[in-house]
Every structure is written in C-alpha cells, then in structure tokens.
Amino acid sequence: MQLRWSHAFVHVTDLEAMVDFYTNVLGFEVTDRGDVGGNDFVFLSQVETDHHQLAFSATREQGGRSNNVAHFAFRVDDLETVKTMHKVLTDDERVTNVMPITHGNAWSVYFNDPEANGLEIFCDTPWHVAQPQGGPWDPTLSTEDIVNTTRTAFEGESKFGSINDYYEERSSHLAQREGDQT
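Residue numbering for the sequence shown follows UniProt numbering, starting at 1 and increasing by one per position.
In case anyone wonders, no lab produced these hints; they're calculated from the structure. Mixed in with the good hints there might be a few duds.
Ranges between beta-carbon positions, derived for each pair [unchecked claim]:
| id | residue 1 | residue 2 | range |
| --- | --- | --- | --- |
| 1 | Thr149 | Thr13 | 35 to 41 Å |
| 2 | Ser172 | Asp32 | 40 to 46 Å |
| 3 | Phe160 | His51 | 37 to 43 Å |
| 4 | Lys159 | Asp138 | 21 to 27 Å |
| 5 | Asn148 | Met99 | 20 to 26 Å |
| 6 | Pro132 | Asp20 | 32 to 38 Å |
All of these numbers come straight from a predicted model, not from anything done at the bench. We put the beta carbon where it would ideally sit given N, CA and C, even for glycine.
Could you build the full structure based on these sequences and the hints that come with them?
Take a look at the structure:
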C-alpha cells in the first residue's frame with residue numbers, strides 16, 4: 001500500500017482572509033463552499049484530479065498560534081518557481097517568518113500564513129542526502145550558483161548521491177518488500 005498526501009483540513013478564525021491568501025498568493029481555486037451545522041466550509045485545489053487539497057472551516061477558537069500541524073508542504077516543478085514564490089511571499093505583508101532552507105535534497109521556502117500555520121514550498125534537487133539536514137540558501141543568486149553552492153555544501157554528507165539512484169534503490173526495496181508480503 002502506498003499512501004500519497006491528499007488534503008489537509010484546517011480550522012481557521014478568519015475564513016475569508018485565508019481563502020484570499022491561498023487563492024491570490026498561492027494560486028489555489030475554490031472548488032466548493034458550504035455550510036454544515038452553522039459552520040462555513042471552503043474547499044480549495046490546484047489539481048484537476050483532486051476535488052480539494054485544502055479544506056478550511058471557521059471553527060478555530062480565537063487567539064493563539066496554530067499548533068495542530070508543523071507545516072504543509074507543496075512541491076513545485078523547479079527552482080525558478082521556488083525563487084519566484086520567495087519574492088511573492090517576502091513582498092506580502094500577511095506572510096511571516098519567510099526562511100529559505102535547503103536540505104540538500106530540496107530547495108525550500110518555509111513561511112507562516114496569516115494565521116501562523118506553517119507552510120513549505122519546495123522543489124527537489126538532483127541529489128539525495130541522508131536527513132535531517134538543513135541550511136540557508138540565497139534565492140537572489142543565479143540558479144547555477146544555487147546549484148553549485150548546494151552541491152558543495154552537501155556532497156560530503158552521508159548518502160550523498162544522485163536522486164535517480166536513490167529512487168531506483170527505493171523502487172527495488174519496495175518491490176522486494178511487496179514480494180515478501182505475498
């Protein structure tokens with residue numbers, strides 16, 4: 001059995017502010033809205049095959065930081081998109097704690113949405129590196145410089161290698177595991 005992340009349901013205090021942020025800053029679309037038991041619900045997605053990747057309900061109690069989830073992570077296709085999102089996020093006054101972090105296997109931008117929920121936007125690097133790892137990276141550098149700087153920073157770390165080699169090893173391992181279960 002393979003589990004893939006489908007969606008998150010988040011209790012929010014200001015439903016419309018959250019919908020505005022996720023649609024206008026992060027590019028989600030509202031797929032449905034409704035009321036159940038006097039509580040408003042909104043469903044959002046960016047993917048044609050998923051009715052919703054996120055669902056919000058205005059059922060969070062006032063005050064305090066979100067403490068139910070460390071962060072939601074969204075994968076994008078390339079480093080240029082991560083760099084663009086870093087700029088979009090740093091320019092948006094509703095966003096706090098913007099931190100570009102590389103784990104060697106990903107270039108990430110961590111940040112908090114208007115209700116202090118943790119989010120991550122990332123793309124994969126060409127490498128696998130044993131985790132946990134992490135360090136800052138500079139989104140203002142050229143893509144070539146970011147790639148070279150990241151490689152230099154992590155190539156001495158445990159299990160550093162091609163991500164494709166890692167995927168092949170994982171595929172073989174999972175096939176073996178599946179075979180062992182039958």
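Q.
Quick check: does the Cβ-Cβ distance between Asn148 and Met99 fall within 20 to 26 Å?
A. holds (21 Å)
Whether the CB-CB distance between Phe160 and His51 falls inside 37 to 43 Å: holds (39 Å)
Worksheet item: That 35 to 41 Å hint for Thr149 and Thr13 (C-beta), does it hold up?
Response: holds (40 Å)
| message | Verify the CB-CB distance for Pro132 and Asp20 against the hinted window 32 to 38 Å. | response | At 34 Å between Cβs, range holds.
| request: Using the Cβ atoms, figure out if Lys159 sits within 21 to 27 Å of Asp138. | output: holds (25 Å)
Look at the Cβ atoms of Ser172 and Asp32 and judge whether their distance stays inside 40 to 46 Å. holds (41 Å)
Hint check: no violations occur; every hint is consistent with the structure.
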